[in-house]
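Produce the complete structure using the sequences and hints provided.
Protein sequences appear in the order of chains V and X. At position 27 of the first sequence (counting the first as 1) the number is 27 in our numbering, and the numbers step up by one without a gap. At position 515 of the second sequence (counting the first as 1) the number is 1515 in our numbering, and the numbers step up by one without a gap.
Check before you lean on any hint, since a few could be wrong.
[Stated by the list, open to error] Simulated pairs of lysine to any residue, SDA-like, Cα-Cα distance not exceeding 20 Å:
(1) K89/V x R54/V
(2) K1099/X x G71/V
(3) K89/V x A1111/X
(4) K89/V x R1107/X
(5) K89/V x G1151/X
(6) K89/V x R1511/X
(7) K1099/X x R54/V
It should be emphasised that the hints constitute simulated quantities derived from the structure, not laboratory data.
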Amino acid sequence: MNANTQAISNATDDAELPTTGEYNLRLYVAGQTPKSLTAIANLRAICRDHLAGRCTIEVIDLLVTPQLAAGDQIVALPTLVRRLPPPLKRIIGNLSDTERVLVGLDLREKSAPKT
Amino acid sequence: MSESSHESSRRQPTLLKKTPTGIDGLDQLLLGGLPTGRPALICGSAGCGKTLVGMTFLVNGATMFGEHGVFMSFEEREAELSANVASLGYDVEGLVAAKKLVIDHVRIERAEIEESGEYDLEGLFVRLGHAIDTVGAKRVVLDTIEAVFSGLTDSALLRAELRRLFTWLKDRGVTAIITGERGDGQLTRYGIEEYVSDCVILLDNRVADQVTTRRLRVVKYRGSAHGTNEYPFLIDEEGVSVLPITSVGLAHATYDETVPTGVPGLDAMLGRGGYFRGSSVLITGLAGTGKSTFGAAFADAACRRGKRCLIFAFEESPDQVMRNMRSVGIDLKQHFEAGLLHFEAARPSLYGFEMHLARMHRDIERTQPEMIVVDPISAFRGPHTEIHSTLVRLADLCKTRGITAVFTSLAAPGNVEDEAERGVSSLMDTWIGLNDVESNGERNRVLYLLKSRGMNHSNQMREYRLTANGIQLVDVYVGPDGVATGSSRLAQEARERDAERSRKQATERRRRDFHRRQQSVERQIGELRAALEAEEAELGMMISQDEARERAYGVDRDVMAETRGLRK
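Next comes the structure, spelled out in C-alpha cells:
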C-alpha cells in the first residue's frame, strides 16, 4: 500500500466538508488499480462540482471486504452505487464521462446533450 | 480438486484427471467425469435442463464426493432455485446451512446501470473468489454467464473478461460448469464455446409426434475419449440420469441355468425346464390369450423362489394387475407386500421411447431385479425403427446384467407373426406364440414355441386353459385331421373311448369263441381217442382169440397126427 491508502479505505470520506447526507454514494473498487484511482478522483470532482455539501462518499475496497460485493449486486468494477436517495442506482466505469454520471445520479435529464 | 477425481479404468497417471458428476450414466459417457480443474460448457435451448444438471453436479459433489460447491446464478434467485430443485429431492437449503454450498444470485439489470468510462468484471471475480473461499469449493457452476451480455454493453470487453474468468477458474483449480443458451448456428448465443473448449456437452429437448425426448451429446472433450452418440436423459423426481447404451458388442455372459416359466407344462416343452437365465422371451398372442397371465406366472414363480422381479405395466395399474391375476390363482400381492415384486406402471404415451428406456434403466438400476416382465411392448406406438432400437437396447441391457426378461406383445388377429414382432424376434431367445383356434363354434387357446435358442424344445402345439389354479396345459388330440381342441377334443376323446370299448368287446367275444371251440375240439379229441381205444381193445381181443385158435389148431394137429400114427 502506498500513500493513497486512506483514499480507498472503507471509511466514510467526509473529511472535506460537512454534509447533509442527502446523497449517500458508495464506490466499490478492487485494489489500487489505475482504474480505481481514476474513479475515486473523478467521483470526488463530481461531488465537489455538483453535490457540494450534499453527499457522503464511501469507498469500499473489495479486496479487503469481498463479502460486501454480493449485497449490492456488484459485477463490474468500479461501481458507484447511489444508496440515497432512492431508488438505488448503479454507475459502472471509472466515471470519466461526467455527463453520464450525472444522468445516472438523476442530476440531469437523460435526454440532455452529452457534449 | 485432486482427491476425489479418480478413474478406475485408467492406468496411466499422466492422463487427464476427472471429477465425477455423480449423474447416472453421464460419468460412464465421459469415462469418469468432467475434466478436473477446468471449465466445461453445457449448452442447450430453454427448458432442456442446464440448470438442473449444474445443480445436480454440485449437490452430488457435496453429498457424494465431499466436494463443496458454488452456484452462481444469473437467472434465478436463491429461493426460486432451491424450490425448483427441491422437486428432485435436493435439499439445497440444508446444504447451504451446512456450509457445503453457496448460492449467489447475480442480478444485472440494464435499466439500473449507467455506464461511464472504463470498467471490468472484477466484481464478479471478487464475489466468486469470496464464495469459493467461504466453503472451500472445488466445484463451480455459472448459470448462465451470458446474461452479462444482455446487462452490459461493451461486448468486446465482456468477451475479454470472460476469457480472463475462465483462465482464472483454471488457476483456482475448480471444476466448473458454464451453462449457455443455444444460439443460431452456434452452440451458444454469444459464442462463448470459443473460450470454454475443454469439454462441451449439448442438451437437447426434441418433440416428435407430440412426445418430448431429452437428449444429451458430448460434443467435445479435449484430452479424453467419450461417447459420441446422442443419449437420452431423464429428469424426474429422482434427479437426472443419462442412459448410455454403449454395449455394442455381444460379449455378455451366458448362463446355463434355467429359470422356471411358472407354467409346469411349458417347462417341459422347453426341454430344459424353463427359460435360460439372462435370455429374452417374447410372448405374442391375440387379445385375451393370456399374455399377461404368462408374464404374471413367470413373476410369481420367480418371487416364490425368493428372487426380485420387476413388472413394467403399460396397460394396467398395479392394483388392477394384482386383482386380475388373483382370478387365475396367481397371488402377486403377497410378493408385492414382501418387497420382492416391484411395479412400474406408466402410460406408454407419457414419454418418448428413449425416455421410457431411460426410466426403465433407472428402475432396473434401483431395484436390481433378476427378472423383468414388460407388459406389453405393443403398447408403444410410433416409428418402427425407434421402437425397435428401444427394445434392442432394453434387451441388451437385461442381457448384460443376466436379467431374464419376458416381453409380451399383442398381435393383430389373423397375423400373429406381425411385422413388429418379426423386427424384434431376432433379439429374442425364446418366442412363444399364443393363438386362438376357432372350430365348432368355440375358441380354444393353444400355444406353441416358435423358437427357443439352445434348447431342444417341443414342436407341438399345446392347448392350455386359464383356470383358477393358474395356467394348465392340456394334452391335445393330435390325429390325422390335425389338432383337436376344446369340445372337439372332448368329442374325439369320447369317440376314442367308444372305439376302445367296442374293440375290447370284440376281443372278449373272440376269446369266448375260441374257448368254446377249444372245448369242442377237446371233446372231439376225447371221443376219437375213446373210439381208438375201443378199436385197440377190440384188436387186442381179436389177436388173443387168434392165438387161442392157433394154439387150439396146434393141439388138434398133434392129436390127429398121433391118431394117424405118425408120431409115437
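Evaluation of the provided hints:
1. K89/V x R54/V: holds (17 Å)
2. K1099/X x G71/V: Holds, at about 18 Å.
3. K89/V x A1111/X: The given pair, whose Cα atoms are some 9 Å apart, holds under the 20 Å limit.
4. K89/V x R1107/X: holds (13 Å)
5. K89/V x G1151/X: Between K89/V and G1151/X the Cα gap is close to 14 Å, so the pair holds against 20 Å.
6. K89/V x R1511/X: Distance ~124 Å between K89/V and R1511/X Cα, so the pair is violated.
7. K1099/X x R54/V: violated (42 Å)
Going down the numbered hints, you'll see the structure goes against 6, 7, while the others check out.
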